[in-house]
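Input sequences plus hints: build the corresponding full structure.
There are 4 protein chains.
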Amino acid sequence: MVRVKLVGAGGYGGIGLVELLYRHPEAKLSVLVDVQGVGQPLSEMWPYLQGYCDMTIVAPDSKEATATAVDVTFFATPDGAGQLAAPAEIAAGRRVVDYSGDYRFNSTELYAEYARRINRDPVHQAPDLLKESVYGLTELHRSEIKKARVVGNPGCFAMSCICGLAPAVKHKLIDLAGIVCDCKTGVSGGGKKPAAGFHYPERYDNASAYRLAGHQHVMEIERELSDLAGGPVSVTFTPQVIPMVRGILSTLYGRLAQGVTQERVLEAYREAYRDEAFIKIKSASEPVGTSDVRGSNRAILTIACDERTGMFRVVSHIDNLVKGQAGSALQNMNVMFGLPETLGLNLPPAHP
Amino acid sequence: MVRVKLVGAGGYGGIGLVELLYRHPEAKLSVLVDVQGVGQPLSEMWPYLQGYCDMTIVAPDSKEATATAVDVTFFATPDGAGQLAAPAEIAAGRRVVDYSGDYRFNSTELYAEYARRINRDPVHQAPDLLKESVYGLTELHRSEIKKARVVGNPGCFAMSCICGLAPAVKHKLIDLAGIVCDCKTGVSGGGKKPAAGFHYPERYDNASAYRLAGHQHVMEIERELSDLAGGPVSVTFTPQVIPMVRGILSTLYGRLAQGVTQERVLEAYREAYRDEAFIKIKSASEPVGTSDVRGSNRAILTIACDERTGMFRVVSHIDNLVKGQAGSALQNMNVMFGLPETLGLNLPPAHP
Amino acid sequence: MVRVKLVGAGGYGGIGLVELLYRHPEAKLSVLVDVQGVGQPLSEMWPYLQGYCDMTIVAPDSKEATATAVDVTFFATPDGAGQLAAPAEIAAGRRVVDYSGDYRFNSTELYAEYARRINRDPVHQAPDLLKESVYGLTELHRSEIKKARVVGNPGCFAMSCICGLAPAVKHKLIDLAGIVCDCKTGVSGGGKKPAAGFHYPERYDNASAYRLAGHQHVMEIERELSDLAGGPVSVTFTPQVIPMVRGILSTLYGRLAQGVTQERVLEAYREAYRDEAFIKIKSASEPVGTSDVRGSNRAILTIACDERTGMFRVVSHIDNLVKGQAGSALQNMNVMFGLPETLGLNLPPAHP
Amino acid sequence: MVRVKLVGAGGYGGIGLVELLYRHPEAKLSVLVDVQGVGQPLSEMWPYLQGYCDMTIVAPDSKEATATAVDVTFFATPDGAGQLAAPAEIAAGRRVVDYSGDYRFNSTELYAEYARRINRDPVHQAPDLLKESVYGLTELHRSEIKKARVVGNPGCFAMSCICGLAPAVKHKLIDLAGIVCDCKTGVSGGGKKPAAGFHYPERYDNASAYRLAGHQHVMEIERELSDLAGGPVSVTFTPQVIPMVRGILSTLYGRLAQGVTQERVLEAYREAYRDEAFIKIKSASEPVGTSDVRGSNRAILTIACDERTGMFRVVSHIDNLVKGQAGSALQNMNVMFGLPETLGLNLPPAHP
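Protein chains in written order, with the working numbering: chain A, 1 to 352; chain B, 1 to 352; chain C, 1 to 352; chain D, 1 to 352.
No lab work stands behind these hints, which were simulated from the structure alone. From a predicted model like this one, the values you see are computed outputs, not experimental measurements. Take the hints with a grain of salt, since some may be wrong.
If you want a taste of the chain B side facing chain A, the calculated C-beta under 8 Å gives, among others [said to hold, decoys possible]:
no.	residue
1	Y22
2	S188
3	S291
4	G295
If you want a taste of the chain D side facing chain B, the calculated C-beta under 7 Å gives, among others [what the hints assert, rightly or not]:
no.	residue
5	L140
6	S143
7	V187
8	S188
9	P194
10	A195
11	A196
12	F198
13	Y200
14	P201
15	R203
16	Y204
Backbone N, C-alpha and C fix where the C-beta goes; we use that ideal spot for every residue, glycine too.
Below, the structure written as structure tokens:
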């Protein structure tokens, strides 16, 4: 039984993990840490969890938080928290999965560039840990994750884009320049904190692009794709919010390499993901929507190149809160502890 | 292991049961029957179920449908189907749970009255079976359900109203005349068939009352409440559709009996439902919404009488597709087969 | 040309009036006052208004706010603002329409009771003005509004309930005790300020009752209905929020007086509102939804008594931001200045 | 006063025009034609129009439809209707605006290609009229529209894309190959007919791409852009439906020509649309959403090139039912009859 400490209990990322752990036969929540709601049961903040998780939230420096025996600590926290707190977890013999950007870049230079984009201190607080950290996109880094002490879980947009582009860049099916990621997210991607742009009357019949001048997620995407391609990949990334709650629909474009057809791309993707439990490949004629992955840890990739114009196109569908966050984190935990990768992650979602 | 035959596989009621059975440790789907989609896997009709239920749909009169060894047959079918088909199931030694109105009234007279209201033939096709049928509101009829061969599962509106009113009428906390059930349902209550009133652009910012001249569900409510009260109860029932998908919010009113206070009502409800796993009681000051029961088999009852005006008021929250349909049906199956009542029904839903 | 000063420019009540005034042939906006956004054009806060209202917002005590020549001042402000600021407007020869509860009760005692319910100072700051104020439900107080210096515009819930109950209590078609107002509002009723309960992910598939322990709107309703009935009327009021943006659906119940039929009620309502441009009467068999009044100044009342149970029932549909707020305020202005009552208020809304 | 005949009265395109004409000071509806609802007032089909349009719908071959004196006929009809019926209108001295693809291509060859894509007879039924028809994108074809007898109104997707790309291709700011139009539409774009994909429970939290194998709208876009560029332009077009009702958000990509900067593109767009009342240009740092054009005839273009990757990017926002359909049609009518172009089209929409 893997014993879990969850830091950042009350956000969507935290409760998503609580939900998944409840169903997991080989892992259990041992301690819940947050700076808000300390002393309250989690179910007071989130009444729908009554009877499922009535565990009391404890403060980060409380004895319960520091001394409870656990095997793995999840940081479901914003940028900055994990780099300060993870070293102590590691020192205590625990392994770490961090949801934020703190451990997505295993070099201080790359991290500094990332930090500047999000207006944070470019100096990482745990540079040694950073260097050994592993990027938590299980399908690409499974063997390293197995042994990793610290995993930096991918951003939700990055997850949808990298899954959708990896085989194309790896097998040189497309030009490495001029790739476009047109990404639409549901509102839950913005977290639980109320804001004008997520206020129901302002959002209900409204789609909008944002942060057009630069978005931090593009760095992870370019780094991963460049590694796969063995050369620099550049990506134009457009984040957009649409009036739904769960789901990311990323439409990915590039120029098809000479002679590459839709059929060839389809084959390459089927081959690349043949053994992956959580990635499904569809051709252009099969109807798919984000509701087909809602509540599940799946990514569905629709291969729909436009041969007439010579353009590669893949539509990537994930649930931003599952494959894009808590589900992917749990998938990594399963790998880290030698459990079957789908354990606790293969239940059908509720529809509609 | 309880072996299940599901008739009416492709509707919301059918897939809801498929989802729940997948998680159930002591029951399994043995055969899927429908008149639509015969020969296809269910997951072709519902791609989100790929890998969870790829069982092929068979026709009602196929050998697979009639000869597969099963212990219980669920009719997730509209009115009329179960009364024709259930006798053969019983004859084959199977027990039956029917979602429709076919077995909610265990007398031919009551059924005839109900059938007239919904413009159907008032002559029941299986009068003997009708007479032995049990109304499937587990919390009220647990011991009969245990032994029942045929259970008529409650309507979703009726479920929300009867749970919310039962202790009040049983203990004479309110007048038996002049009870009002003001019920708001999410759109999934209308099923999966497209219709003008459920067309996204017509429904998205629109709330409406319907069938004001008479709604079939009131009969079940009055019958159950009259039985509990030991005298005639009359109910004014207003069905309304609001632009959400899952959930019923029923606000229930009556005149408080002489001397009855909010405190007294609250105590009576807490007492009445003390041992019920799926019914939660809240006082007026605790915030609740239908999202707190979304995806779960729970009913939450907020006791909020208005002592100033002498009015009893209870707000009843359920998920129309779970406690209002498939969850309640499975709860009955658990009871019928001597399984723990919460088996397969106690997983936390996904939020938001 | 009626010259208008609008105080509280940036809220939904303010922009609603700006939209309506733009279309009005005999009134024009002369000055925009707010404490937020001072010095900015309104269209910077609300880009959709670019080219329609680029007027600069001025501070309440600025020379523009105090010295611009206007005929009427609208306070689209929360409780408390109008009672402090209205006397100076009156002294300057302007007439006043206030959206809040500040001038809905023309006695200091009633106001004190109201203020206590909303946790405000029970001492009104402009008691003389209060005494001469007129309740701005045009259909009931047209002749007094014509001459009024200060009009207290009704609350949106109160508007829907009083319109729907007035003929019934006036003509003693129902008992004066035991009346129930079950009211569902769209989220815009909560204003433009982000809050947890109006955060898109928390509200999108969620209906909830709130402030069950007492809501300020019931006082207006009871006062108006008691005046009409010539005796005390008591009302149980349940406010509920549903996941839509514009619209109130109020379902109103009472006990039918001896011998009163649906037909009789329908006739009485048709007669009572025969000459009203903004009130439409429907019978139970005509389908109506809040989308039929969305964007318009209409109230649609569906008369749907339940003769079987002896219950009166009317379903009242309004747009909370038009007939429930800015539209009704403009209707009052038209009356106050001798303009045709429908001027600027009779344009078809956009559908869907 | 321009007298209008509207064919196809009951669809969203028809009622959109009815709403706009009601506000128009120099045009009026003279006759309403449809094949559904004949003999009924339009307001029976659409109760929200009561008092605004109670005109009776007449059959296409009725005397009212053929003999009423009108100046212009709008075909708010699907493909195929206008090509059969327009010649008689022209013969009767009327001018024609057609919403469908029937008159968007003024050559029989182009039309044939278009017709094949939508599985229709490639032989146009009014080839002579087709040849003289003018593409109704007012901003690009104003002078020809002025004199046109037949105007083929643009498709809604095409409108958003062409407005957003025209200056770029005309001034060679981007490569003419490899252009991407990533388009998201609200559900009203699919019309008023209920369908599984637009059923509220299936659409509410679901975004999806469709017709990936080829979409008819790309032809108009490529034809117009090629004409502007003076050479062949190829476009990859991705239609997507998102859970909102009104609005199109089109994100347009291309490769920036050598040396072209964001600043240069911004200037070119400001210059190109300087005198256009309905097109607003924004830079990347100004927040915009489709709600800023909702209910209005505006297009807002956000210029947001990615200089780092050398990519041109424009985000185009329109209301698919106004600038994308009825508003644009009315704008054309204004031009055809020498009226001010903004007449009847410059009222502020209702927000939120």
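_Agreement of hint S143 of chain D with chain B interface, Cβ distance less than 7 Å_ = violated (36 Å)
*Does F198 of chain D pass the interface hint, meaning its C-beta sits closer than 7 Å to a C-beta of chain B?*
The hint holds - F198 of chain D has a Cβ within 7 Å of chain B, the shortest such distance being about 5 Å.
_Interface hint compliance - L140 of chain D to chain B, C-beta minimum distance less than 7 Å_ = violated (30 Å)
*asked:* Hint G295 of chain B vs chain A: min CB-CB distance below 8 Å?
replied: holds (5 Å)
*Per the CB criterion, is A195 of chain D less than 7 Å away from chain B?*
Constraint on A195 of chain D satisfied, holds at 6 Å.
*Is the interface hint for A196 of chain D satisfied, with its Cβ closer than 7 Å to some Cβ of chain B?*
Hint on A196 of chain D: holds, closest Cβ of chain B at ~6 Å, below 7 Å.
*Should the interface hint for S291 of chain B be scored as holding, given a Cβ-Cβ cut-off of 8 Å against chain A?*
holds (7 Å)
*Minimum beta-carbon distance criterion (7 Å), P194 of chain D to chain B*: Interface hint status for P194 of chain D: holds (4 Å vs cutoff 7 Å).
*asked:* Less than 7 Å between beta-carbons is the criterion; does Y204 of chain D satisfy it with respect to chain B?
replied: holds (5 Å)
*asked:* V187 of chain D was flagged as interface toward chain B. Is the shortest Cβ-Cβ separation under 7 Å?
replied: With Cβ-Cβ at 4 Å, under 7 Å, it holds.
*asked:* Checking hints one by one. Is R203 of chain D an interface residue toward chain B, by the C-beta closer than 7 Å rule?
replied: holds (5 Å)
*Return the status of the interface hint for Y200 of chain D: holds when the least beta-carbon distance to chain B is below 7 Å, violated otherwise.*
holds (4 Å)
Of the numbered hints listed earlier, those contradicted by the structure are 5, 6.
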